[in-house]
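For this one, chain A is given, so just place chain B with the ligands on it according to the hints.
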Amino acid sequence: MIQVLIRVSRRANDLYGIKEILKKYFFLCYNNYYKGGSLMEFIELKDVYKVYKNGVTGLAGVNLKIKKKDFVFIIGHTASGKSTLIKLLYREERPTKGNVSVGGIDVARLRNSKVYKLRRKIGIVFQDYKLLPKLTVYENVAYPLDSYGISSKEIRPKVLAALEQVGLSDKTRSFPHELSGGEQQRVCIARAIANNPKLLLCDEPTGNLDPDTSKEIMDVIEKINKELGTTVVMATHDKDIVNRMKKRVVVIKDGLVDGDYLKGSYKVNESD
Amino acid sequence: MKVIRILGKSFINACKSLVRNLSLSLASITCTIITLILVSIGLLISYNIREITKNIEKELTVVIFMTKDATSEEVIKTKSDLEKIDNVEKVIFTSKDDVKDRFKNDEKWTSIISTLNEDDNPFQDSFEVVVKNVRDINETVTTIKNMDKIDTVKYGENSVNEIVSIFDTIKTGTIVLVGGLVLVTAFLITNTIKITIFSRRKEIDIMRLVGTSNTVIKLPYLTEGLLIGILGSIIPILFTIFGYTLIYSKFSSMTVSNIIGVITLASPEGIIYIASLFLLMLGALTGMFASGIAVRKYLKV
Ligand SMILES: Nc1ncnc2c1ncn2[C@@H]1O[C@H](COP(=O)(O)OP(=O)(O)O)[C@@H](O)[C@H]1O
Ligand SMILES: [Mg+2]
Numbered sequence: 001m002i003q004v005l006i007r008v009s010r011r012a013n014d015l016y017g018i019k020e021i022l023k024k025y026f027f028l029c030y031n032n033y034y035k036g037g038s039l040m041e042f043i044e045l046k047d048v049y050k051v052y053k054n055g056v057t058g059l060a061g062v063n064l065k066i067k068k069k070d071f072v073f074i075i076g077h078t079a080s081g082k083s084t085l086i087k088l089l090y091r092e093e094r095p096t097k098g099n100v101s102v103g104g105i106d107v108a109r110l111r112n113s114k115v116y117k118l119r120r121k122i123g124i125v126f127q128d129y130k131l132l133p134k135l136t137v138y139e140n141v142a143y144p145l146d147s148y149g150i151s152s153k154e155i156r157p158k159v160l161a162a163l164e165q166v167g168l169s170d171k172t173r174s175f176p177h178e179l180s181g182g183e184q185q186r187v188c189i190a191r192a193i194a195n196n197p198k199l200l201l202c203d204e205p206t207g208n209l210d211p212d213t214s215k216e217i218m219d220v221i222e223k224i225n226k227e228l229g230t231t232v233v234m235a236t237h238d239k240d241i242v243n244r245m246k247k248r249v250v251v252i253k254d255g256l257v258d259g260d261y262l263k264g265s266y267k268v269n270e271s272d
Numbered sequence: 001m002k003v004i005r006i007l008g009k010s011f012i013n014a015c016k017s018l019v020r021n022l023s024l025s026l027a028s029i030t031c032t033i034i035t036l037i038l039v040s041i042g043l044l045i046s047y048n049i050r051e052i053t054k055n056i057e058k059e060l061t062v063v064i065f066m067t068k069d070a071t072s073e074e075v076i077k078t079k080s081d082l083e084k085i086d087n088v089e090k091v092i093f094t095s096k097d098d099v100k101d102r103f104k105n106d107e108k109w110t111s112i113i114s115t116l117n118e119d120d121n122p123f124q125d126s127f128e129v130v131v132k133n134v135r136d137i138n139e140t141v142t143t144i145k146n147m148d149k150i151d152t153v154k155y156g157e158n159s160v161n162e163i164v165s166i167f168d169t170i171k172t173g174t175i176v177l178v179g180g181l182v183l184v185t186a187f188l189i190t191n192t193i194k195i196t197i198f199s200r201r202k203e204i205d206i207m208r209l210v211g212t213s214n215t216v217i218k219l220p221y222l223t224e225g226l227l228i229g230i231l232g233s234i235i236p237i238l239f240t241i242f243g244y245t246l247i248y249s250k251f252s253s254m255t256v257s258n259i260i261g262v263i264t265l266a267s268p269e270g271i272i273y274i275a276s277l278f279l280l281m282l283g284a285l286t287g288m289f290a291s292g293i294a295v296r297k298y299l300k301v
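So the protein lines, in turn, are chains A and B.
Going by the working numbering, the letters in the first sequence line up with residues 1 to 272, in that order.
Going by the working numbering, the letters in the second sequence line up with residues 1 to 301, in that order.
One chain only, chain A, in its complex shape (with noise of 0.2 Å):
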C-alpha cells in the first residue's frame, strides 16, 4: 500500500518535471518571437538625417536594420558619418528627420531626462577610454552600478564577472595609469558589460591600440558577442580587423549606407 502510494507519488513529480521542460520552453519560444525581431528589428533607422547646427550634414537619409545579436562593422572613411550613427543610437544626438528605435524604444523621441533608462540597457566603447584616473579597475567597473544606486553586494559578483570576461581579474586594484592602453580599453569594455546590457556600441575601440592590442580587443569583443548574445555594432576604419572578422560590413559614404554586405570586407578603398 505505502509502495504504490511512493509510486503513484513518484510519478507525479516526473509529470510535474516535464510539465515545467515544456512550460520554459514555449516560454522561450514566445519571447524568442517577440524580441527575437519577428515584429521589431532590434535596431532599425528609417530614413535618417542629420544636419548639425552649424550647418554640416553628418547623415543624409540612412536605412538600416540591425538583428539581435548581431556583430556589425560600420565602416568609412572620415567624416563619412560613421560616429554620428553611433550617437544616434545611444541619444547623444536627435536627427534631424527620420526614426531611430533601438530594443523597442523610440530613440529620436526620447525625451532628455528618460535618456539613462536607454543608456543603462546600452554598453558604450570608445577610443579614448573614459575612465575615473583616480578610481581603481574595480571602482570604475563597479561606477555605473554604483551610481544607479544599487548595493555593493549586488555590484560585486556582476564585477568580478565582467573583469574575468575581459581577462582582467587579476588587475582589480591596479589605477588606470599603471596598465597599457589595451588593458585601459578592456577596463572599459568590463564597465560596459557588466550591467549585461543588450547592445555593445564602439566607436573606433582600437584607433589607439597596435594591431596585437587591437586583435585581442576584438577576439574580447567577438567572445562578448558569442556568449553572452550581446548585440555589437562597431564604427571603425580598420582594414585587418574587418577582413579578418567576416562580420557583416555596412559601408557609410557621405552620409548614406554605400554597401552593405553579410560576411564581407573592408571595401572602401575598393569602390575609390
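One thing to keep in mind: the hints can contain errors.
Claimed, not checked - The calculated label-pair distances, taken between Cβ atoms and stated as ranges, are:
hint, chain 1, residue 1, chain 2, residue 2, range
1, B, ASN191, A, ARG156, 37 to 45 Å
2, A, SER113, B, ILE241, 38 to 46 Å
3, B, ILE34, A, ARG156, 18 to 26 Å
4, A, GLU92, B, GLY8, 29 to 37 Å
5, B, LYS297, A, PRO133, 23 to 31 Å
6, B, ILE234, A, SER180, 34 to 42 Å
7, B, ASN191, A, TYR49, 21 to 29 Å
8, A, ASP210, B, ILE34, 55 to 63 Å
9, A, ARG111, B, ILE241, 44 to 52 Å
As the list claims (entries may be wrong) - Below, a list of computed lysine to aspartate or glutamate pairs in the EDC-like style, where the Cα atoms sit at most 20 Å apart:
hint, chain 1, residue 1, chain 2, residue 2
10, A, LYS87, B, GLU203
11, B, LYS9, A, GLU139
12, B, LYS202, A, ASP106
13, A, LYS117, A, ASP128
These are computed hints drawn from the structure, not numbers from a lab.
Every residue, glycine too, gets a C-beta built ideally from N, C-alpha and C.
Using the frame of chain A, we list chain B with the ligands on its own:
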C-alpha cells in the same frame, strides 16, 4: 534603502567638493554669514519697532481743549457726546481749576501763578480721550472738532507720523540692503557650484554616458549649495540667540528717553527662535536656489 544610499553618497560628495574648493566655499559661507547677520539685525530692529509702535499706539490719546467761555453745562454735555462716539474708549476730564492747582503746587510755577487773581484762570477745561482704534483716529478727531465750544484738538499725529516714517525708511533700507546681499550671496554660491561642476565635467560626462539618472547627477551639487547655506546660517543663529539675549540683559535696566515716552528692547523669547528658524530657512533656500541655477545653467541634463 536605495534612496538613503544615493542621498548619503551625494552628501559625501558635496562635503568633498566643499573641502576641495576650500577658499571658494569659505568665501560663499562668509558671504552667507554676513548677509544673514544683517538679516538678523534687520529682523530684530523691525521686531522692536513693531513692539514700540504698538506701545505708542496704546498710549496715544487725543487732548481736547474747550473754549474759555464754555459753561459747566456745556462741558458736561460735551463729555457725554464724546462718550457716545463709537471709536472712543475712555474720556478723562481735567477742569481748568485742577490745572491751576497743579501748577500752583509746582515749585517752578508757584511765583508766576501767585501773580494771578484768585478768579483769573488762564487755563482751559480739557478732556483726554483714549480711542479704541488708532487707525480711525483722524475721523474721530474731525467729529470732535465739529462739536460746539471746542477750541483745539491735539493728538500726537505729527510725532507719530514722523517716527513711523523714520522707522519705515529704516525698514525699507534694511530690506533693500538685505535683498541686495542675498543676491550677491546667491551669485557667489552659484559660482562656487559652477566651479565644482567644471572641475568634475569629465566625471559628469561619464555618468551621463553610463546611464546615471539626472537626479543622481544633480543631487551632489544641490546638496553642496544647501550645505553652504546651512553652514552659513550657524553663526548668525548663534549671534541672534546669544547676542540679542546679552544685549537685552545689558540694556533692560537702562531706558532711553524719547519724545513719545520710553523705549525698551522687546524681550528675546518672542523673537529669537522664530528669527533663527527664519535664518536657517533663508540660508538653506538661498543655497538651494543658487545651486539650482548653477545646475540648470551648467549641467544641461
Ligand atoms: N558636433 C558636431 N557639430 C558639427 N559638425 C559635426 C559634429 N560632429 C560631427 N560633425 C560633422 O559631421 C560629419 C560626420 O562626422 P562623424 O560622424 O564624426 O564622421 P566619422 O566618425 O565617420 O569620422 C563630419 O563632417 C563632421 O565634421
Ligand atoms: Mg568618428
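Going down the list of hints, with the structure as the test:
1. ASN191(B) - ARG156(A): 37 to 45 Å: At roughly 40 Å between Cβ atoms, ARG156(A) and ASN191(B) fall inside 37 to 45 Å, so the hint holds.
2. SER113(A) - ILE241(B): 38 to 46 Å: holds (43 Å)
3. ILE34(B) - ARG156(A): 18 to 26 Å: With a Cβ separation near 48 Å, ILE34(B) and ARG156(A) fall outside 18 to 26 Å, so the hint is violated.
4. GLU92(A) - GLY8(B): 29 to 37 Å: Hint holds: Cβ distance 30 Å, inside 29 to 37 Å.
5. LYS297(B) - PRO133(A): 23 to 31 Å: Distance hint for LYS297(B), PRO133(A) holds at roughly 27 Å.
6. ILE234(B) - SER180(A): 34 to 42 Å: violated (50 Å)
7. ASN191(B) - TYR49(A): 21 to 29 Å: violated (40 Å)
8. ASP210(A) - ILE34(B): 55 to 63 Å: holds (60 Å)
9. ARG111(A) - ILE241(B): 44 to 52 Å: Hint holds: Cβ distance 48 Å, inside 44 to 52 Å.
10. LYS87(A) - GLU203(B): holds (19 Å)
11. LYS9(B) - GLU139(A): holds (15 Å)
12. LYS202(B) - ASP106(A): violated (28 Å)
13. LYS117(A) - ASP128(A): violated (24 Å)
Checked against the numbered hints listed earlier, the structure breaks hints 3, 6, 7, 12 and 13; every other hint is satisfied.
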